[in-house]
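*Asks:* Here's the letter readout for the chains.
2 protein chains.
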Amino acid sequence: MTDLFERHRSLLDGALHALSTRGHWSPFPEAPSPKVYGETAQAEGQAAVQALTGRDYPLRQPGERGRVATERSPYGVDLGIRYPECDAQSLVDAARAAEPAWQALGPRGRTGVLLEALQRIHRRSFEIAHAVMLTTGQGTMMAFQAGGPHAQDRALEAIAVAWKAMADVPEQAVWEKPQGKNPPVVLNKRFEVVGRGVALVIGCATFPTWNTYPGLFAALATGNPVIVKPHPHAVLPAALSVSVLRDVLTEQGMDPNLVTLAVSAGTQLAQDLATHPAVASIDFTGGNAFGRWLQAHAPQARLYAEMAGVNLVVIESTDAYAGMLRNLALSLSLYSGQMCTTTQNLLVPAAGIDTDQGHKSFEQVGADLAAAIDQLLAEPKVAFTVLGALGSPQTVERVEQAAGVGRTVRASHRLVHPDYPLAEVRTPALRALDVDDAAIYEQECFGPVSYLVAVPSALAARDLVERSVRAHGAMTLGLYSTDAAFVDHMVAAARRAKVALSINLTQGVMVNQSAGFSDLHATGGNPAANASYTTLAFVADRFVVVQRRW
Amino acid sequence: MTDLFERHRSLLDGALHALSTRGHWSPFPEAPSPKVYGETAQAEGQAAVQALTGRDYPLRQPGERGRVATERSPYGVDLGIRYPECDAQSLVDAARAAEPAWQALGPRGRTGVLLEALQRIHRRSFEIAHAVMLTTGQGTMMAFQAGGPHAQDRALEAIAVAWKAMADVPEQAVWEKPQGKNPPVVLNKRFEVVGRGVALVIGCATFPTWNTYPGLFAALATGNPVIVKPHPHAVLPAALSVSVLRDVLTEQGMDPNLVTLAVSAGTQLAQDLATHPAVASIDFTGGNAFGRWLQAHAPQARLYAEMAGVNLVVIESTDAYAGMLRNLALSLSLYSGQMCTTTQNLLVPAAGIDTDQGHKSFEQVGADLAAAIDQLLAEPKVAFTVLGALGSPQTVERVEQAAGVGRTVRASHRLVHPDYPLAEVRTPALRALDVDDAAIYEQECFGPVSYLVAVPSALAARDLVERSVRAHGAMTLGLYSTDAAFVDHMVAAARRAKVALSINLTQGVMVNQSAGFSDLHATGGNPAANASYTTLAFVADRFVVVQRRW
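So the protein lines, in turn, are chains B and Y.
The first sequence runs 1 to 550 under this note's numbering.
The second sequence runs 1001 to 1550 under this note's numbering.
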């Protein structure tokens, strides 16, 4: 195994260095360029996915009870890929059987295997990207970037942070206690990293690799077998990733059942797995209902959960009005607001704001933001790339219901995708609300619906933010302000409410984007998530150190 | 504050170095020698405790409802120290009010204050040791070592590991993403360590400093206010420690209510505090009943718990029979078996064992161990120092009931302490059981009662160990064997059951002793404890990192 570790050592070292400085770094190029990935890579990736449709997915696992096709593409493509549906107990048994040999590899051996698998996942970026696009409704560019290189960044980050945590206790020691004139008492000591047990990683329908890889690779690196339970609508990206891992394990003479795929249309399988006494950790990305169920019913497992939140932006003033509007327009439009980091509530003083283009009334800010969205989406090719398709009928329903809420700032429109006529493509809805409409805007409305909330003052916005984040959680908080004192107020509020703050983003980076090796995804300190990609806390409790001395 | 950090920097660096090698290191001398601590130190410490008895303890805290004297010395000394009994909500409010300024100090400032406080605690080692002795029943030597320097080692260890975890994310970064021929996108980033919230540290009756300091100092270092809830029978050692912390905070212009003492005779106060929504973490050392109550009723808080366990030693063979017996005799006698690390079950093959003194039957091993205990305790001065006194009437009752269990190997005797005639001093009871008596030996019997269990074979002992540790937990596991293959079997079993293993200890170190900076106390991976002194996992989730970027 050592050769795999040595082969990828520079990749690991690069990640460790990047994490220590948190500057820009990505070993996996984010541009889906033929120059980088090869002239035929994209076509081959799409063809590879095409070849899987309408058949049994090539995966043999213990306890197979039958085959099940659970995916429903937001683009209206009939995938019809039949996955094995396996018995929960069989998956757990197989995981436990695979554990000792994986354990015995040690941190170095495991890290080598995982880095090799990650490199192979990287080489299949276009295939996985196409699977992400078809299953989630993401546009092609986001599916490639977030589903491919950026997800791989997060995987590498998890491996590297796990490596750091495991390396914190030395493998061995000699303890020599002086005894005055007598010879010292000498003890030899050995410290072993031992995984806590079977890990369950439950994926979401929107980011089936980006939100799955951190838990998957962190759990594996620290010595645990993993059962991956993807969302029934977005199985293929996880299945491909699991298959790569199983291939590498098999090549290395390991039991591939260290990593298995649990597919089922309903929730029973996830519940059976989550409550199994041998399951020691659960990584979960999804809604509050199932998240709370897990908290209540799976007390034997440590839960790392990312759930619903209500993200906010406070617009107090700006010296880059046009840039702010362009930035917000793209932020709200990206993947039709179906990112857990997309802003839902834009808090604007009812009296309007000062800008480099003069004072703008509340209404004017709304009208200008609506116009900026119109402008962004004017070119259809851009619109389809940016918006993607709505992932579920529930999201379509929420957009339609939003039309009756508050005052219209920008109505959502349906667009017909030239290549995928069945796809539900909707432009963002902007609704204006009063500060008293908290019953509306303090509920998560997942999808392309945002509220422009008229607040009495900037300080009232700050107070609202703090209260809202504490009560409902948030992955992101944005601020536009030229007032240093107000920025300080917001910094303090963000610290108290434990939410990441992005200040005066006007170009290049949107509030809903987070970069591996630099940005922490969620703080883990408000109701939207109890863990963070990727802190030591995300990895350090996935293993224990078992010591012996003699 | 910086000067405090600089003043103690070498102490911190020493701890960090020791943790990285896990060799022998202790900055706090364990010998209660007048040469080290001064000729008058012991007498002054005892006088200081004496001066506190029968009065109001000098501590003023918010929400005081009255004074309460809850201690009952196992030595029969009437302490009568009256502590403030405070309202739970007032303590929480005061903690929260003190939090922002503590937070604002940052890791460096907080670490400096805590190291200063720890040095002052160290200077009061004799006073604290005497308080530990009187309240717990420990003998003088253990009260000094475990209550003083060794507890201080664990405190420093917690501070140092917290420092490492907090330093893992840099305080700031500049993120520069190249944009081809265009200027790069540049973001400035700032990362702040923010404590999770009010920490509750619940102490035990036997080691009121050693088991309290790790949670106390880890929580403080990572930015959290702490409410210390000592066991009602062992308040003074915690009170003295809290007072030192409050003194140093006050001197530094900080709010002393960052650390408060919660004393009450019943459990209501602990329950009110534990279930308070603002309480984010609970460190608990104590019995299973309250531990399970906390798990069930305080889901809002992260629980770090050390509870009951059943510790075992497997005696397969030895090439140092006399040394083994001496080691076991001292191990079982230390503080009358009232350590969470004391062996309860000694598993010996029914057919006996091979030793350097020839084959010894099961009965002979028992008789020889009994004789070794007799010999150890023959000198009364040694006996009283080693045994201390029984901490509670329940322990006395358990010893007396044990006389009716299994076959007598060594009967417990009552000794009359020359200085403390009311003290319950009992020598260890050794009972012989058959392997079928699991209903008896798989229950924790806290105190000076151990079982010599006749097992069919060494491998049966290994299986019993693994099953027992998984089911009932264990802090320690010992092994005596000259058979390398059997040692390997036991190493594997210990790894699977996630328990620390001590092999062939025959001198100097007992299975129930663990050294700061080298030995991990508990693995955190079996039912006896879910956390370990001191891994990254013990500290890393006590804070979140709140990021901002602009």
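Because the hints were derived from the structure by calculation, they are not lab data.
Please note: incorrect hints may appear among the correct ones.
[Unchecked claim] Covered stretches of chain B (chain Y as the covering partner; in silico rule of three or more C-beta atoms under 8 angstroms from a C-beta of chain Y):
(1) 20-29
(2) 160-169
[Stated by the list, open to error] Simulated crosslink set (PhoX-like; lysine-lysine; CA at most 25 angstroms straight-line):
(3) Lys35(B) <-> Lys1381(Y)
(4) Lys1181(Y) <-> Lys35(B)
(5) Lys381(B) <-> Lys35(B)
(6) Lys164(B) <-> Lys1181(Y)
(7) Lys1360(Y) <-> Lys1035(Y)
(8) Lys177(B) <-> Lys1035(Y)
(9) Lys181(B) <-> Lys1181(Y)
Glycine included, each C-beta is placed from N, C-alpha and C at the ideal position.
*Asks:* All the hints need checking, so say for each whether the structure fits it.
*Replies:* How the hints compare with the structure:
1. Only residues whose beta carbon comes within less than 8 angstroms of a beta carbon in chain Y count, and the stretch 20-29 of chain B has 5; three or more means the coverage holds.
2. Given as covered by chain Y, the stretch 160-169 of chain B passes the check, having 4 residues with a CB less than 8 angstroms from a CB of that chain where 3 are the minimum.
3. Between Lys35(B) and Lys1381(Y) the alpha-carbon distance is near 84 angstroms, which puts this suggested pair outside the 25 angstroms criterion.
4. Annotation: proposed proximity of Lys1181(Y) to Lys35(B) holds, straight-line Cα distance about 17 angstroms (limit 25 angstroms).
5. The hinted pair formed by Lys381(B) and Lys35(B) meets the criterion: a straight-line CA distance of about 22 angstroms does not exceed 25 angstroms.
6. The hinted pair formed by Lys164(B) and Lys1181(Y) fails the criterion: a straight-line CA distance of about 36 angstroms is larger than 25 angstroms.
7. Among the hinted pairs, Lys1360(Y) with Lys1035(Y) is inconsistent with the structure: their alpha-carbon atoms are about 46 angstroms apart, more than 25 angstroms.
8. Our distance criterion of 25 angstroms between C-alpha atoms is met by Lys177(B) and Lys1035(Y), whose separation comes to about 20 angstroms.
9. Between Lys181(B) and Lys1181(Y), the direct Cα distance comes to roughly 72 angstroms. Violation of the 25 angstroms bound is thereby established for this hinted pair.
Hints 3, 6, 7 and 9 from the list above are not met by this structure, while the remaining hints are.
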